[in-house]
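Taken in sequence, the protein lines are chains A and B.
What the first sequence shows, in the numbering used here, is residues 3 to 212, in sequence order.
What the second sequence shows, in the numbering used here, is residues 3 to 212, in sequence order.
Careful: at least some of the hints might be erroneous.
Treat identical chains as interchangeable: a pair holds within one or across any two.
What the hints assert, rightly or not - Taking lysine-lysine pairs in the DSBU-like style, the calculated list, with each CA pair at most 35 Å apart, reads:
#  : residue 1 : residue 2
1  : Lys137    : Lys126
2  : Lys86     : Lys193
3  : Lys181    : Lys85
4  : Lys8      : Lys193
5  : Lys34     : Lys193
6  : Lys34     : Lys50
7  : Lys8      : Lys35
8  : Lys181    : Lys50
9  : Lys181    : Lys35
10 : Lys35     : Lys86
11 : Lys137    : Lys85
12 : Lys50     : Lys193
13 : Lys137    : Lys193
14 : Lys181    : Lys137
15 : Lys8      : Lys37
16 : Lys34     : Lys8
17 : Lys181    : Lys193
18 : Lys126    : Lys37
Read the hints as simulated data drawn from the structure, not as lab findings.
Protein chains: 2
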Amino acid sequence: MKGNAKEAIVRASINLFNVNGFHGTSIRDIAKKAKVNPANIAYYFDNKHGLLEHCFTIFFERYVEEIENGYGFIEQGAAISLKKIVENIMIFQFENTHLTRLILREISLDTQIVREIMSTYLMKERYYINRVIEKGIRAEEFRHTSPDYITLQLKGLLHMPFLNTHYMNEVLHVRPNEKYFVEKYIREIYKWIDGVLCQSEYNKAYVAVN
Amino acid sequence: MKGNAKEAIVRASINLFNVNGFHGTSIRDIAKKAKVNPANIAYYFDNKHGLLEHCFTIFFERYVEEIENGYGFIEQGAAISLKKIVENIMIFQFENTHLTRLILREISLDTQIVREIMSTYLMKERYYINRVIEKGIRAEEFRHTSPDYITLQLKGLLHMPFLNTHYMNEVLHVRPNEKYFVEKYIREIYKWIDGVLCQSEYNKAYVAVN
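One chain only, chain A, in its complex shape (with noise of 0.2 Å):
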């Protein structure tokens, strides 16, 4: 009963978090969303920010897994394993569509919680991708390039349609809640890797003649 208490609550905030804004939102609406009593939020949570800490923590405890998965392909190619961690993360986010968009408005902006994301988990998900595009480098499996500049293209791929939801319904009418979206739009990142990443044939035979 516990248990289902504090998940009840964590469901509520992500909602309200994310329809009204982290300031737009008091602990007595969580409480009455989540069918609960104040001070059970702050017995669990201390209070807002406290609440806020949590949803980072499970998302990017899990956003982070999701690229070690992927990252784990690495003996297969480089290739091979950015599009799985592509796909990972992909899935991750279309099965966790509230909790995305409250993260990825959130983390822009400037606050301690997000000094501390910024120095584990993010710090991280550099370490990994970083690792992955050298390694496509030296294996000239990828073209020469800043794996710097790599990550933030792939982020900005990666997150632009869970961020824009309303975007996606409303002017493009592309619905990012259904899986037809989420496969399609995979094989286009896929597309990008192969087109801007990976040596092309082209260039393969280009290198070997010359």
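Position chain B relative to chain A; hints supplied.
Frame of chain A; chain B shown alone:
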């Protein structure tokens, strides 16, 4: 003198909305920072929502203008036109980093203002980008592809660095407010256009032979 007060109010609100969020900023805070009487703000903008709406309008008026200017190059080819659009938007965002970050964060919320922006400015953006891509496909400059998925990726690439300036500074140690970054990043997006969207020389030759 009146013009200066109005401008000072807008500058102060962009700064404060950005740092403390829209909900975390009061009219009092803005008046103090802009060194004006709170009644002045009410006179020009009614209330905080009016101010935010004004920020949206000044951003998107220029944003769509930059797209239209790039679209003006369409007779020289779809890739040239799309690259011009990319260059214009990147430089515009670079010259207005605070305003850009504020808008890119706020646009992810589901509010009345955001819905109005989508049904006007972002529909126009979609219209121009779709026309460029469709023209590129017809002229066999571009591969067969879904314009909406390309728009989605393009926006992800264009906006990522300006929404996530802290991430860039703290994790990647890349400085989005340096001219060097913008020039290099524009070239990276050109590579995406060439590698993902354009028929490569290899493909062209292949098509010609077959």
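Taking each numbered hint in turn, which are not upheld by the structure, reported in ascending numerical order? Numbers 4, 5, 10, 12, 18 - these are the hints that the structure violates, sorted from lowest upward.
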